[in-house]
Structure formats: structure tokens, C-alpha cells
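Please take these sequences and the hints and turn them into a complete structure.
By UniProt numbering, the letter at position 19 of the sequence shown is numbered 19, and the numbering carries on one by one without gaps.
Keep in mind the hints are simulated off the structure, nothing from the lab.
Among the clues, some could well be false.
Within a straight-line C-alpha distance of at most 20 Å, the following computed DMTMM-like cross-link-like pairs (lysine to aspartate or glutamate) qualify [to be verified]:
1. LYS49 with GLU60
2. LYS49 with ASP124
3. LYS49 with ASP96
4. LYS49 with GLU140
5. LYS49 with ASP109
6. LYS49 with ASP95
Label-pair ranges, simulated between beta-carbon atoms [to be verified]:
7. TRP70 with ALA161: 14 to 20 Å
8. ASP97 with PRO176: 41 to 47 Å
9. PRO57 with ARG186: 28 to 34 Å
10. GLU111 with LEU180: 14 to 20 Å
11. ALA181 with GLU140: 23 to 29 Å
12. ALA63 with ASP159: 16 to 22 Å
13. THR152 with ASP124: 20 to 26 Å
14. GLY47 with ASP155: 15 to 21 Å
15. ARG143 with LEU180: 34 to 40 Å
16. PRO176 with ASP96: 39 to 45 Å
Every residue gets a Cβ at the ideal spot worked out from N, C-alpha and C, and that includes glycine.
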Amino acid sequence: MPRSSSPAAGGAWTSNSHPRICSPSPVRGSRRSPVHSGRGPRGRVTGVKLTEGTLPPLAEALALYDAVGWSAYTRDPGRLQRSLAGSHLVLTVRDDDGSLLGLARTVSDDESVCYLQDILVHPDARRRGVGRALVLHVQERYRHCMFIALSTDADSTADAALSHPFYRSLGFSPHPELGLAAFGYRP
Numbered sequence: 001m002p003r004s005s006s007p008a009a010g011g012a013w014t015s016n017s018h019p020r021i022c023s024p025s026p027v028r029g030s031r032r033s034p035v036h037s038g039r040g041p042r043g044r045v046t047g048v049k050l051t052e053g054t055l056p057p058l059a060e061a062l063a064l065y066d067a068v069g070w071s072a073y074t075r076d077p078g079r080l081q082r083s084l085a086g087s088h089l090v091l092t093v094r095d096d097d098g099s100l101l102g103l104a105r106t107v108s109d110d111e112s113v114c115y116l117q118d119i120l121v122h123p124d125a126r127r128r129g130v131g132r133a134l135v136l137h138v139q140e141r142y143r144h145c146m147f148i149a150l151s152t153d154a155d156s157t158a159d160a161a162l163s164h165p166f167y168r169s170l171g172f173s174p175h176p177e178l179g180l181a182a183f184g185y186r187p
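The following block contains the structure:
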């Protein structure tokens, strides 16, 4: 997948103001590597492959987004396809049969900030290290950046009970704990 040159929005940050949880690793073409997670020796999950730089077919992407309940993405298949194509990086995890188990995508300027836009794991593949492998790969790939950000469900939601401890286990902290505030705008 060609890398997008579209920059992510960012502020004037110093190297001391944000944790460095991002990695240099130029992405050219497609790379395949074993998935690593919290399972087995050195956290290796067997029988699955993480691929960088190859977009999944739209039908597969729609099925995965639908399986996790992200209907805002599936209502307009063309928009999802453009979003995937416009991503800085798309990672997929597949089992030995080729079934799509997980996907992560980033929006980044590849220098100061990386936004982990989507991370999805098929419900049948959860608790197998797929999500952890995706996030760890993003952290390694963008470790040279000043900041990796993501947005997730609010504390009061059922999903937050699962996602917040997961993200904390990978070194992420809520913005207030980092001395930051996050703002959003829906046009």
C-alpha cells in the first residue's frame, strides 16, 4: 500500500512534554511477521500472521467492522474504502486459513504524531493476543514519533471496562494523567 502523505493535526510539542511510545521502520510494500502477544513463549501467538501494508478487500473489512458493531463505518462502504486507502498504515492479522481476525490503521505525519484511528478484533478472536500484537506493532513502528494518540469509549460505557485496562497495560494513559486535554469537533 502506498503511504499517504496527508499530515495529522498536531501542536507544538517538546520532546519532554509527551511520552515516547512510538518506531523507525520504513514501510515499503507488504511485510509479514508472526503475531506477538501475551501468550506462549515470548508472547508468540501461533497460527496467525500480521501483515503490514496490504489493504483487505472491502467485503472483508465491512464484515469485520460489522462484527464489532461499528455500524457508522459500514453505512457508507465507499467512505470506509477511502478511509482505509488514505490511512498512513494498515495492519491486518489473519489466521492460517486466511480469515481476517483483526485490523489496525493509523493516521500520521510519521514524525511528530501517530493517531491510532482504528483497532478491531473479531469477537471470535478476542483474548488471543491479536489486539495486543496490533498495538505493539504500531508502537514499535512509530517509536520515533513524539506521541501516539487514540480515542476510545468513555469511562461510563461497558466497553471501557475492557478497553481501558487493555490500553493501560500497553502504556497508554488518559489525557488528564499526561497533563493534556483532548477536544473534538463533529461537523
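Exercise. Measuring from beta carbon to beta carbon, are GLY47 and ASP155 in 15 to 21 Å?
Worked result: 35 Å, violated
Exercise. Straight-line Cα separation of LYS49 and ASP124 no greater than 20 Å?
Worked result: Roughly 16 Å separates the two Cα atoms, so the pair holds.
Exercise. Okay, PRO176 versus ASP96 on CB: inside 39 to 45 Å?
Worked result: 43 Å, holds
Exercise. CA of LYS49 to CA of ASP96, is that 20 Å or under?
Worked result: 8 Å, holds
Exercise. CA of LYS49 to CA of GLU140, is that 20 Å or under?
Worked result: At roughly 17 Å apart (the allowed maximum being 20 Å), GLU140 and LYS49 satisfy the hint.
For this session: Could you grab the alpha-carbon distance between LYS49 and ASP95 and see if it respects the 20 Å cut-off?
Result: 6 Å, holds
For this session: Using the beta carbons of PRO57 and ARG186, state whether their distance is inside 28 to 34 Å or not.
Result: 30 Å, holds
For this session: Go ahead and decide if the range 34 to 40 Å is satisfied by the Cβ distance of ARG143 to LEU180.
Result: 19 Å, violated
Exercise. Taking the CB of ALA63 and the CB of ASP159, does the distance hold inside 16 to 22 Å?
Worked result: 20 Å, holds
Problem set entry | Pair hint LYS49 and ASP109, alpha-carbon separation not exceeding 20 Å | Violated, at about 26 Å.
Exercise. Are ALA181 and GLU140 spaced within 23 to 29 Å by their CB atoms?
Worked result: 28 Å, holds
Problem set entry | Outcome of range test on Cβ distance (ASP97, PRO176; 41 to 47 Å) | 43 Å, holds
The structure does not agree with the numbered hints 5, 14 and 15 stated previously, though it agrees with the rest.
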